[in-house]
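Peer 1: Residues per chain, in single letters:
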Amino acid sequence: MTISRILVLFTGLINIGTCNNAYNDFFDEELMLKPLSSDHVYAYFQFTTIWETENRVETLQHSHLFPRGLGEIIGRHNVEELHVTLTEGLWNYQKWGYPFHDAGPGAEVTAWFNKDVTNIEEEWKGLTNALAGLLCASLNFVDTSNSMSPEFTFRLTSVTDRPVNSSHLRYSSLPREIVCTENLTPFKKLLPCDSKRGLATLLNSAHIHNTNYHSIGIHFRSICRNAACTRTSLELRQTVSLIYDTMIDANQDWSIRKFFGMGLKGACPLATLSNIYVDISDNNTNHIYELTPSPSAKVVSLRGGQQNEIAVYDIRAHSSRGIFNIAAVHSAPKNNAIYYPSILYANRYIIGYGQERGSLVTKLYNNHWQALDIILLENIPWYLLVYLNSITITCNEQRVHPLAQRYLPGRERKSPYYLELILRLPPHSITKITIDMDYLFLKWQEYPPDANHGFYMGPAIVTALLPIARNYTALPLDGSTITSSFNASRDAYLVQLRTESLLISLPTPDFSMPYNVICLACTAVALAFGPLHNISTKRLVLKRIEKDWKGKLFSFFVGKLFGAKKKQD
Amino acid sequence: MSRKWLSNFALAGTIRLLIMNSEYQRIIGNRVEVSTALNSWKRVTEGVYLHKFGIDPYEGDLFHETPIGLYVFTLMQEYLPQWALFLLFVIVDLTTALCLAIAAKHYAIELATKRKEEKDENKRLSKDVPNTSALYVSAAYLFNPYIILNCIGLTTTVFTNLLYSIALVSMTRRSVLWSCASIALLTLQGLYPMSLMVPATIYVATTAKNRKIGIITMLIVFTSILAILFAVSYCIMGSWSFLWSTIGFILTVPDLRPNIGLYWYFFTEMFEHFRWLFIASFQINVSLLYIVPLALRLRRDPMLLAFSYLAIAAIFKSYPCIGDVGFYISLLPLWKHLFQHMQQGFIVGCFLLFCTVFAPTVWHQWIYSRSANANFYFGVTLAFAIAQIFLLTDILFASVKYEFAVQHGIDKKINGNEAKLLLE
Numbered sequence: 001m002t003i004s005r006i007l008v009l010f011t012g013l014i015n016i017g018t019c020n021n022a023y024n025d026f027f028d029e030e031l032m033l034k035p036l037s038s039d040h041v042y043a044y045f046q047f048t049t050i051w052e053t054e055n056r057v058e059t060l061q062h063s064h065l066f067p068r069g070l071g072e073i074i075g076r077h078n079v080e081e082l083h084v085t086l087t088e089g090l091w092n093y094q095k096w097g098y099p100f101h102d103a104g105p106g107a108e109v110t111a112w113f114n115k116d117v118t119n120i121e122e123e124w125k126g127l128t129n130a131l132a133g134l135l136c137a138s139l140n141f142v143d144t145s146n147s148m149s150p151e152f153t154f155r156l157t158s159v160t161d162r163p164v165n166s167s168h169l170r171y172s173s174l175p176r177e178i179v180c181t182e183n184l185t186p187f188k189k190l191l192p193c194d195s196k197r198g199l200a201t202l203l204n205s206a207h208i209h210n211t212n213y214h215s216i217g218i219h220f221r222s223i224c225r226n227a228a229c230t231r232t233s234l235e236l237r238q239t240v241s242l243i244y245d246t247m248i249d250a251n252q253d254w255s256i257r258k259f260f261g262m263g264l265k266g267a268c269p270l271a272t273l274s275n276i277y278v279d280i281s282d283n284n285t286n287h288i289y290e291l292t293p294s295p296s297a298k299v300v301s302l303r304g305g306q307q308n309e310i311a312v313y314d315i316r317a318h319s320s321r322g323i324f325n326i327a328a329v330h331s332a333p334k335n336n337a338i339y340y341p342s343i344l345y346a347n348r349y350i351i352g353y354g355q356e357r358g359s360l361v362t363k364l365y366n367n368h369w370q371a372l373d374i375i376l377l378e379n380i381p382w383y384l385l386v387y388l389n390s391i392t393i394t395c396n397e398q399r400v401h402p403l404a405q406r407y408l409p410g411r412e413r414k415s416p417y418y419l420e421l422i423l424r425l426p427p428h429s430i431t432k433i434t435i436d437m438d439y440l441f442l443k444w445q446e447y448p449p450d451a452n453h454g455f456y457m458g459p460a461i462v463t464a465l466l467p468i469a470r471n472y473t474a475l476p477l478d479g480s481t482i483t484s485s486f487n488a489s490r491d492a493y494l495v496q497l498r499t500e501s502l503l504i505s506l507p508t509p510d511f512s513m514p515y516n517v518i519c520l521a522c523t524a525v526a527l528a529f530g531p532l533h534n535i536s537t538k539r540l541v542l543k544r545i546e547k548d549w550k551g552k553l554f555s556f557f558v559g560k561l562f563g564a565k566k567k568q569d
Numbered sequence: 570m571s572r573k574w575l576s577n578f579a580l581a582g583t584i585r586l587l588i589m590n591s592e593y594q595r596i597i598g599n600r601v602e603v604s605t606a607l608n609s610w611k612r613v614t615e616g617v618y619l620h621k622f623g624i625d626p627y628e629g630d631l632f633h634e635t636p637i638g639l640y641v642f643t644l645m646q647e648y649l650p651q652w653a654l655f656l657l658f659v660i661v662d663l664t665t666a667l668c669l670a671i672a673a674k675h676y677a678i679e680l681a682t683k684r685k686e687e688k689d690e691n692k693r694l695s696k697d698v699p700n701t702s703a704l705y706v707s708a709a710y711l712f713n714p715y716i717i718l719n720c721i722g723l724t725t726t727v728f729t730n731l732l733y734s735i736a737l738v739s740m741t742r743r744s745v746l747w748s749c750a751s752i753a754l755l756t757l758q759g760l761y762p763m764s765l766m767v768p769a770t771i772y773v774a775t776t777a778k779n780r781k782i783g784i785i786t787m788l789i790v791f792t793s794i795l796a797i798l799f800a801v802s803y804c805i806m807g808s809w810s811f812l813w814s815t816i817g818f819i820l821t822v823p824d825l826r827p828n829i830g831l832y833w834y835f836f837t838e839m840f841e842h843f844r845w846l847f848i849a850s851f852q853i854n855v856s857l858l859y860i861v862p863l864a865l866r867l868r869r870d871p872m873l874l875a876f877s878y879l880a881i882a883a884i885f886k887s888y889p890c891i892g893d894v895g896f897y898i899s900l901l902p903l904w905k906h907l908f909q910h911m912q913q914g915f916i917v918g919c920f921l922l923f924c925t926v927f928a929p930t931v932w933h934q935w936i937y938s939r940s941a942n943a944n945f946y947f948g949v950t951l952a953f954a955i956a957q958i959f960l961l962t963d964i965l966f967a968s969v970k971y972e973f974a975v976q977h978g979i980d981k982k983i984n985g986n987e988a989k990l991l992l993e
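Residue numbers (the numbering used here), protein chains in the order written: chain Z, 1 to 569; chain C, 570 to 993.
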């Protein structure tokens, strides 16, 4: 009996093994907890699926760990690389450093299409509509009027033997999109273990959507399968970034149970790697705390001049004894925070009063001792008429000229204003870019409900290669898991920052007036038509004034009276 | 006499230059009543800037001048410093006044000779002195607040008005080439002035030996000049994309920024499935509907015909500005002989005055202090349009009555009984 059981188990194991071999795919789940100097904790989930296969329609139709729904969409629309993010809140670069994945407020989609695709607009429309269905987000509002193909800002990170230029790229942002449970649930369904096992069980909407910042993202690309890069694999990274505020508690203690409402039951059985990392670099400097249980291992990561100490927890090892929780217990009150501000950050605002015209101001801060070259992408919706001739770039009261500039004027209801500048920011400087614009008057049906709330304008994107990795967390270009970012020193570190999305109040008409306006304006036209018609069709004649009986009587008496007078004279 | 003329022009030029160099220039130039999408100098600057950078200005939404305009304005912005630019605008405006004066003089002489031919029975009708009419018209243009604001706002309507005045002068002088050239340029820029070909043709045809040949030459010259202008535009831009941004922009009314016309709020509030119907009917109303009836009625007075076309276009065109209104209002002294038959002069005057005061007030309340809404401004523009309609119809009625009075005498009596004039 036992022998047969063992046999069954054994064959089952063999089956799983062969299955894995047949599909050649791996799944990793990781969570990084990083206490920030501003009394926040940054929690970053990354679920990585790597599938050793080519990006072809036929292969994407049969999947194992890779989500089939997404695979089918990617295959059908010939997508080379895809980034979708749904974000609520604003990332504070100055205090929180740089995130693993940068995302603008609302929904953002970036896609690179295959070289074979000829009708990109159609594929883009199809892709965004399909993604809208997949993620329950309003991505179906993406069309030509809010998408663009920036030339410098985005680079293809996917490995391909047929490189494409920016005409195969589409980028769009929907800053008005509100991200909530209905987006998180389909997102979790894309994971191999769904939300039943593994780290995904921690993603409970009640605890995620009350954070200071939350962002979910799907990132798909092709990567090299080996060092020589002879063959490629597909990489899908599903990420969740959360910022928790620990300031609200007096003792500032935090734990997984406090953040996510429950402990961790165990790893996803399909995962090869199932780890939790805690960045304990600032322990004993900014905070003094103790982690319980103690980590499986500690890693020291030296990267671009920044040293990080990371506690590694292998979930499988810890969860064997039931539900497992990591807690940071502070033993002493908070020290005066020593924090190193990020070397590059930006903000943006609108000046001017009234609903007629204004100016858009983007400020770029360089805190580094070296000059930095940056790319600024301004994505201005069509309902703001931009006057490019009014652009002024000043730095320390001096006019600066951009190293390169790309501009495409927008068209009403058709395309946004696209402006891309390459600037050199002098060391320790604030560069200010001002551009004048007029607010457009829209048709009454184009205003959203609650028109006086205003219109959202997507963020500007600042792209730069930083020489040092201070506050830098993102994975290197050739890495797929969080572990690959440890000790990953490179020549430069790519950051893409998003500025604030802005709320613009456009002038509104009176929405209750359509019938009245139509009637009144037509009356004015009729007032001209009537007399002009009369003048041109009729002729003047003299007519005796026919009096009614009162008039006749009156004139009779008047005549009598005056007649008598005349006679007397 | 010449001292009067000189002082008028000098004073008008000084007023314009003084205000142009003050801080008010920017404010006036930004007013929606002065600058529309079609004539704003800010947009011209942007178009020239984009063109200089090798970006097709017609690809965007901002620039709606013709390619020929683009070429001229590029030259102007490249070679003229600020003060010279101001001076150019003032000089162009003064030239327009001069042209109008010449046209007025011709017209007055014409009117006088016509009356002599008719052997007017009533002495009271022939007291006009032709020369004063010219002075009045030029003064009405020089000191018209609408025109002054238009010039200070540096709108391209200043140049359009010059072309209009050239068209009027060449009409009265019966110059086929000049009138056709100026009207063709105007048509290329604004489409609606094409109607001015009717009075121009009437002028030429009445004096031509052979009427048919006169009319046909007129039409051939006009169409060929227009074709050449389109070809030149195509050569400058290298594509036909400008057509959609100039003529298409005028016809389809995509820009709903408020102006003094009727279109903006009407098409803001329009139901989407009726939009094209109403755009078509409004465009027919302004450009086609009145051409034939008025031409038939006023064929003996082509100047009045031109005036009424100008007025109708200024009232009903898609992007009117006060420069257009000011232009035809400056022609009013030409109809001095009709004033005694007009009935609504006071009402219209009050309406225009109040609208001029109210428009900026309610605009401020709507856009800046947000204590009013769009309806207020719409009400003002509606009243302004209606006042202009009253002015036009009043003048036309007066001309009909004047004709009647010339033929039948001014007494309104039948066999000693009181009678009234009626249209039948």
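Treat the hints as calculated values from the structure; they're not laboratory data.
Note that CB positions come from ideal geometry on N, CA and C, so glycine has one too.
Take these hints with a grain of salt, some might be off.
Calculated pairs, EDC-like style, for lysine to aspartate or glutamate (alpha carbon to alpha carbon, straight line, at most 16 Å) [what the hints assert, rightly or not]:
no.	chain 1	residue 1	chain 2	residue 2
1	Z	Lys265	Z	Glu309
2	C	Lys905	C	Glu679
3	C	Lys989	Z	Glu546
4	C	Lys621	C	Glu647
5	Z	Lys258	Z	Asp282
6	Z	Lys538	C	Glu647
7	Z	Lys258	Z	Asp245
8	Z	Lys188	Z	Glu177
9	Z	Lys543	C	Glu993
10	Z	Lys543	C	Glu987
11	Z	Lys443	Z	Glu412
12	Z	Lys547	C	Glu987
13	Z	Lys95	Z	Asp282
14	Z	Lys543	C	Asp980
15	Z	Lys414	Z	Glu446
16	Z	Lys443	C	Glu841
17	Z	Lys95	Z	Asp39
18	Z	Lys298	Z	Asp279
19	C	Lys982	Z	Asp314
20	Z	Lys414	Z	Glu121
21	Z	Lys414	Z	Asp143
22	Z	Lys552	C	Glu841
23	Z	Lys125	Z	Asp143
24	C	Lys981	Z	Glu546
25	Z	Lys414	C	Glu628
26	Z	Lys363	Z	Glu500
27	Z	Lys188	Z	Asp373
28	C	Lys683	C	Glu987
29	Z	Lys432	Z	Asp373
30	Z	Lys115	Z	Asp161
31	Z	Lys95	Z	Asp314
32	Z	Lys298	Z	Asp282
33	Z	Lys538	C	Glu993
34	C	Lys905	C	Asp963
35	Z	Lys414	Z	Glu122
36	Z	Lys95	Z	Glu500
To give an idea of the interface, some chain Z residues facing chain C are shown, with a C-beta separation under 8 Å as derived from the structure [as the list claims (entries may be wrong)]:
no.	residue
37	Ala317
38	Leu506
39	Pro509
40	Leu520
Peer 1: Hints first: check each against the structure and report whether it holds.
Peer 2: A quick look at each hint next to the structure:
1. For the proposed pair Z:Lys265 and Z:Glu309, the alpha carbon gap of about 26 Å is over 16 Å, so the pair is violated.
2. For a cut-off of 16 Å, the pair hint linking C:Lys905 to C:Glu679 stands: about 14 Å separates their Cα positions.
3. With a C-alpha separation of about 10 Å, the suggested pair C:Lys989 and Z:Glu546 falls inside the 16 Å cut-off, and the hint holds.
4. The suggested pairing of C:Lys621 with C:Glu647 holds, with an alpha-carbon distance near 10 Å, which does not exceed 16 Å.
5. A C-alpha spacing of about 21 Å is found between Z:Lys258 and Z:Asp282, which places the hinted pair above 16 Å, so the restraint is violated.
6. Distance restraint check for Z:Lys538 and C:Glu647: the Cα-Cα separation of roughly 56 Å exceeds the 16 Å cut-off, and the hinted pair is therefore not satisfied.
7. Proximity of Z:Lys258 to Z:Asp245 is assessed by CA-CA distance (about 11 Å); at most 16 Å being required, the pair is judged to hold.
8. At most 16 Å may separate the alpha-carbon atoms for a hinted pair to count; Z:Lys188 and Z:Glu177 exceed this at roughly 19 Å.
9. Annotation: proposed proximity of Z:Lys543 to C:Glu993 holds, straight-line Cα distance about 10 Å (limit 16 Å).
10. A distance of roughly 9 Å separates the Cα atoms of Z:Lys543 and C:Glu987; the hinted pair therefore holds under the 16 Å criterion.
11. Between Z:Lys443 and Z:Glu412 the CA atoms are separated by roughly 11 Å; this keeps the pair inside 16 Å, and the hint holds.
12. Among the hinted pairs, Z:Lys547 with C:Glu987 is consistent with the structure: their alpha-carbon atoms are about 10 Å apart, no more than 16 Å.
13. Of the supplied pair hints, the one linking Z:Lys95 and Z:Asp282 holds, its CA atoms being roughly 14 Å apart against a limit of 16 Å.
14. Straight-line distance between C-alpha atoms of Z:Lys543 and C:Asp980 comes to about 13 Å, which keeps the hinted pair within the 16 Å bound.
15. With a C-alpha separation of about 14 Å, the suggested pair Z:Lys414 and Z:Glu446 falls inside the 16 Å cut-off, and the hint holds.
16. For a cut-off of 16 Å, the pair hint linking Z:Lys443 to C:Glu841 stands: about 9 Å separates their Cα positions.
17. Between Z:Lys95 and Z:Asp39 the CA atoms are separated by roughly 10 Å; this keeps the pair inside 16 Å, and the hint holds.
18. For the given pair, Z:Lys298 sits about 10 Å from Z:Asp279 by alpha-carbon distance, which is consistent with the 16 Å threshold.
19. Proximity of C:Lys982 to Z:Asp314 is assessed by CA-CA distance (about 114 Å); at most 16 Å being required, the pair is judged violated.
20. For the suggested pair Z:Lys414 and Z:Glu121, the alpha carbons sit about 12 Å apart, so the restraint of at most 16 Å is met.
21. Simply put, Z:Lys414 and Z:Asp143 have alpha-carbon atoms about 9 Å apart, close enough for the 16 Å limit, and the pair holds.
22. A hinted pair counts as satisfied when its Cα atoms are at most 16 Å apart, and Z:Lys552 with C:Glu841 does not qualify at roughly 58 Å.
23. Proximity of Z:Lys125 to Z:Asp143 is assessed by CA-CA distance (about 6 Å); at most 16 Å being required, the pair is judged to hold.
24. For the suggested pair C:Lys981 and Z:Glu546, the alpha carbons sit about 14 Å apart, so the restraint of at most 16 Å is met.
25. At roughly 11 Å between alpha-carbon atoms, Z:Lys414 and C:Glu628 fall within 16 Å of each other, so this suggested pair holds.
26. Restraint check: the Cα-Cα separation between Z:Lys363 and Z:Glu500 comes to about 11 Å, which is no more than 16 Å; the hinted pair holds.
27. Among the hinted pairs, Z:Lys188 with Z:Asp373 is inconsistent with the structure: their alpha-carbon atoms are about 38 Å apart, more than 16 Å.
28. About 31 Å separates the Cα atoms of C:Lys683 and C:Glu987, which puts this hinted pair outside 16 Å; it is violated.
29. Straight-line distance between C-alpha atoms of Z:Lys432 and Z:Asp373 comes to about 15 Å, which keeps the hinted pair within the 16 Å bound.
30. Proposed proximity of Z:Lys115 and Z:Asp161 is supported: the alpha carbons are some 10 Å apart, at most 16 Å.
31. Between Z:Lys95 and Z:Asp314 the CA atoms are separated by roughly 30 Å; this puts the pair beyond 16 Å, and the hint is violated.
32. In summary, the hint linking Z:Lys298 to Z:Asp282 is supported, as the alpha carbons are separated by about 14 Å, within the 16 Å threshold.
33. Using a Cα cut-off of 16 Å, the hinted pair Z:Lys538 and C:Glu993 holds, with the two alpha carbons roughly 5 Å apart.
34. For the hint pairing C:Lys905 with C:Asp963, the CA-to-CA distance comes to about 13 Å; that is within 16 Å, so the pair holds.
35. In summary, the hint linking Z:Lys414 to Z:Glu122 is supported, as the alpha carbons are separated by about 15 Å, within the 16 Å threshold.
36. A threshold of 16 Å between alpha carbons decides the hint, and for Z:Lys95 with Z:Glu500 the separation of about 15 Å falls inside it, so the pair holds.
37. Hint on Z:Ala317 is violated. Least Cβ distance to chain C is approximately 61 Å, over the 8 Å limit.
38. The criterion of a C-beta within 8 Å of any C-beta in chain C is not met by Z:Leu506, whose closest approach is roughly 11 Å, and the hint is violated.
39. A distance limit of 8 Å between C-beta atoms decides the matter here; for Z:Pro509 the minimum to chain C is near 4 Å, and the interface restraint holds.
40. The beta carbon of Z:Leu520 is positioned within 8 Å of a beta carbon in chain C (closest approach about 6 Å), and the interface hint is therefore held.
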